[in-house]
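Visitor: Residue numbers (my numbering), protein chains in the order written: chain V, 1 to 573; chain U, 574 to 940.
Quick caveat, the hints were computed from the structure, so don't treat them as lab data.
We treat Cβ as the ideally placed atom computed from N, Cα and C, and that holds for glycine.
Relax, there's no trap hidden among the hints.
Here are the computed lysine to aspartate or glutamate pairs in the DMTMM-like style, where the Cα-Cα straight-line distance is at most 20 Å:
1) Lys465(V) <-> Glu822(U)
2) Lys884(U) <-> Asp496(V)
3) Lys465(V) <-> Glu827(U)
4) Lys498(V) <-> Asp49(V)
5) Lys884(U) <-> Glu464(V)
6) Lys153(V) <-> Asp653(U)
7) Lys359(V) <-> Asp716(U)
8) Lys46(V) <-> Asp878(U)
9) Lys884(U) <-> Asp467(V)
10) Lys366(V) <-> Asp703(U)
11) Lys680(U) <-> Asp363(V)
12) Lys685(U) <-> Glu160(V)
13) Lys142(V) <-> Asp653(U)
14) Lys884(U) <-> Asp49(V)
15) Lys712(U) <-> Asp363(V)
Using C-beta positions, here's what the derived DEER-type ranges look like:
16) Ser802(U) <-> Pro536(V): 51 to 57 Å
17) Glu368(V) <-> Gln586(U): 54 to 60 Å
18) Asp878(U) <-> Glu464(V): 25 to 31 Å
19) Glu758(U) <-> Lys27(V): 45 to 51 Å
20) Asp786(U) <-> Asp248(V): 35 to 41 Å
21) Ser802(U) <-> Ala534(V): 53 to 59 Å
22) Asp457(V) <-> Gln586(U): 57 to 63 Å
23) Glu464(V) <-> Lys680(U): 57 to 63 Å
24) Asp807(U) <-> Ser136(V): 53 to 59 Å
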Amino acid sequence: MTQRIVVDPITRIEGHLRIEAEIKDGKIVDAFSSGTMVRGIEIILKGRDPRDAWAFVERVCGVCTTVHALASVRSVENALGMVIPPNADLIRNLMFCAQYMQDHVVHFYHLHALDWVDVVSALSADPQKTSDIAKSLSNWPKSSPGYFSDLQKRLKGFVESGQLGIFANGYWGHPAYKLPAEVNLIGVAHYLEALEWQKEIVKVHTIFGGKNPHPNYLVGGVPCAINLDGNNAINAERLAYVQKLLEDAKTFVNQVYIPDLVAVAKYYKSDWGAIGGGLKNYLAYGDLPLNGYNNPESFKFPRGIVMDRDLTKIIPVDASDPQQIQEFIAHSYYNYSDGNKTGKHPWAGETNLHYTGPKPPYDYLKVEEQYSWLKTPRWKGNPMEVGPLSRMLVGFAAGNKEIQEVVKWGLSALEAPVEALFSTLGRTAARGLETKLVADWGLEFFNSLITNIKNGDTRTANTEKWDPETWPAEAKGVGLTEAPRGALAHWIVIKDKKIDNYQLVVPSTWNASPRDMNGQRSAYEESLIGTPIADPEKPLEILRTIHSFDPCLACAVHLYDEKGTYLHQLHTF
Amino acid sequence: MNETRPTVYEELQAKGHSRRDFMKFCTFIGAALGLESTGIAQVVKALETKSRLPVVWLHFQECTCCSESFIRSSHPLVADVILDKISLDYTETLMAAAGHQAEATLKNTIEKYKGQYVLLVEGSIPTKEDGAYCCIGGKSSYDIFKEVSKDAKAIIAWGNCASAGCVQAANPNPTGATPIYKLAEGKTVINVQGCPPIAEVMAGVIVHILAFDRIPQLDSLGRPKAFYSSRVHDTCYRRPNYDAGLFVESWDDENAKKGYCLYKMGCRGPNTYNSCGVIKWNNGVSFPIQSGHPCIGCSEANFWDNGPFYKHLANFPGFGIESTADKVGIGLGAVTVAGIAAHAVVTNIRKRKEIMKGLRTTDNNIA
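Modelling step: build the complete structure from the supplied sequences, incorporating the hints.
Guide: Quick look at the structure:
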């Protein structure tokens, strides 16, 4: 007999996500992923100044803050043929690196760890043994028996108060938790330390962008000026601050995050290194230019596609080709004017917002019909996974030495075969491995910035085409980046100096979307098939795999005119 | 308050903290609120006799930037807030439970602590299409809000979404995104404005309720006066440049490198009430203007529709109008406002001369 279970809300994510799964003989046989919230940012964008768009779309997501702003300013610069100064590229790269480190560490400890770490079990840990294990994992100084004993006392008092707060009603004691009590206690300690640390690295954004979340960006460069002999711009003190933040971050990543990841993964690799693989196609747009955004061959994260897990071949992707990336709506709450069976490239996107789901309150979605506010993007008709694993696999297949080395290092540290990459655990490990790279790269970009300034280049903005009078009557652009959660692109059409169309296809649209008209599942749904469920009342296993993607479902956004004729679409997660 | 729950002091004792630690903590809170020593004594008394406050954090139409901002708080630290000061019983961003276990936690808190819990709302509520634009656990966000707000001791609206609808409520507001005070049926809502609000402002509002057992004084828009009573313009360290008529004219120009006023680049400081110039961001590191970008006015209702950001509309407070507020103005000059309107400008010639003189000295040093 098949049993339908519903997990809604999926917590410890960004946004509103619902999973319905069918279970037979203790395993998931089908799954349906639904985005249950829409905001409609696009009508708001239509007719506005393209130079303002970054601020609107940055509000698509406050967790991966900055990434939409970056894609947006790039789309406008691409449309208008603007080239930004090298310092602006470097500062954007530094903000990118800071975002990755903060976001991935928060994901690991605060969004994902409770799927693997049993907080209640930590109460029975032996502090001395915990200290011994911690010291064997890394030389992070906070590892004395007294430290763990104090922490345990604090945790005990908390639990005994009866007010469990964020830990209330977790799946504690579930048979799928496998860590020894001591490793659980280390996990809890670092949960709290990471919470305190993450607020530091974001100061890189504050220095260059004035605040975090939602730092400021600028079409044509970055808003902050450099003046070594002024006290109102980026000077030696500000730069020293950035350097310190990057160095501390690298220490935290290498001494806390990576050792914890390896330690936890070892206990789970035998099963979770083979569960949750899902799709076999991986897409990355690549990012972190060394020689400008227009030279993708210089990117630290390479661009390309891996099909059918074949790491010997890299396939190029062209976001401007109308035949490559298209969006479908067979199971989404929309209509297309020429029928719902065609796909549309984002520059020609069209959306009729059309809710056909059950009237709330409801128990189940109509999964045979439409069941999500997300559209379904496809590359040449194929479903693609995006995210850290895709970046590592594309980089590996592209022959990128740094990526090949870190992946090989990771596999040997875990004593796991290459196949283990294609799994729930592989996704979680890939996130850690790329963070290790980014921690190094941040300091490389910093040194390049210092060298540039030393050589007399202090430019941070190119204002040649700031004035709309210099723009053509019509222009189209696309801005590509790699959000922490995967490939992100914004497409813009500018007409008469205003936004005529603006669309986003974001990582969670690729990963979390409903199936297409041919019944091909997207990444979340496919990855759940075959997952064992020990207790349908406590579907911890679903959380593990879904969290391994780091869901981010801020909204599915759609453009339409004042008469209610829906014209354009955007999805943003 | 429910007497069966231990007080904050008792809990700290149980966790092995000394009286001294406790006093330190109280002083810290007092300092965060800018209190004199007599006020700190009041904090001590309050926390000795009060238990951990049950708190429910709901997420509707939002981007989670408010939650992200909250965890950036440096004083108090957010780990200390959620472990020692409040009992954060429901927040989709951080809670361990999911699905019906999460829903059960919410139900349990609002029933067990009826009239005692504080409700925090992040996000606006869509009122069109029977609420289908935002559903959680199959229920519309409006229904959830009605159920949870009914017996809340206090309601806080985090950020511009919950306070004013933010970006999704900008013209023409496709989903009917509505700020929660419009749906709170007469209950007082504390609007903690900003996109997002400053971390220490968020923590400060919670600490205020916790320490004094009452909500902070609010302005006519429901914003706590402690954090929203002055304009960014009036607390901006670049204000002397404005008074002196020294402006950035173009991105990365010489004036930008010198840190002149960003008014002509569209700065909304003159009509934005927030603490950015005082508390600054991320533990005082910087704020938008200090990092070279104009204020976009993110703590004001409808700021998205007051664009474009890099221009001022004709009716925007600016030169001339400001002169009445700025009593130090001495001389008169004339400047054209970028783009739309020209106003008479009042310039503090003396101040301008002083600043210019200072900068010339700097230039000489460079040479």
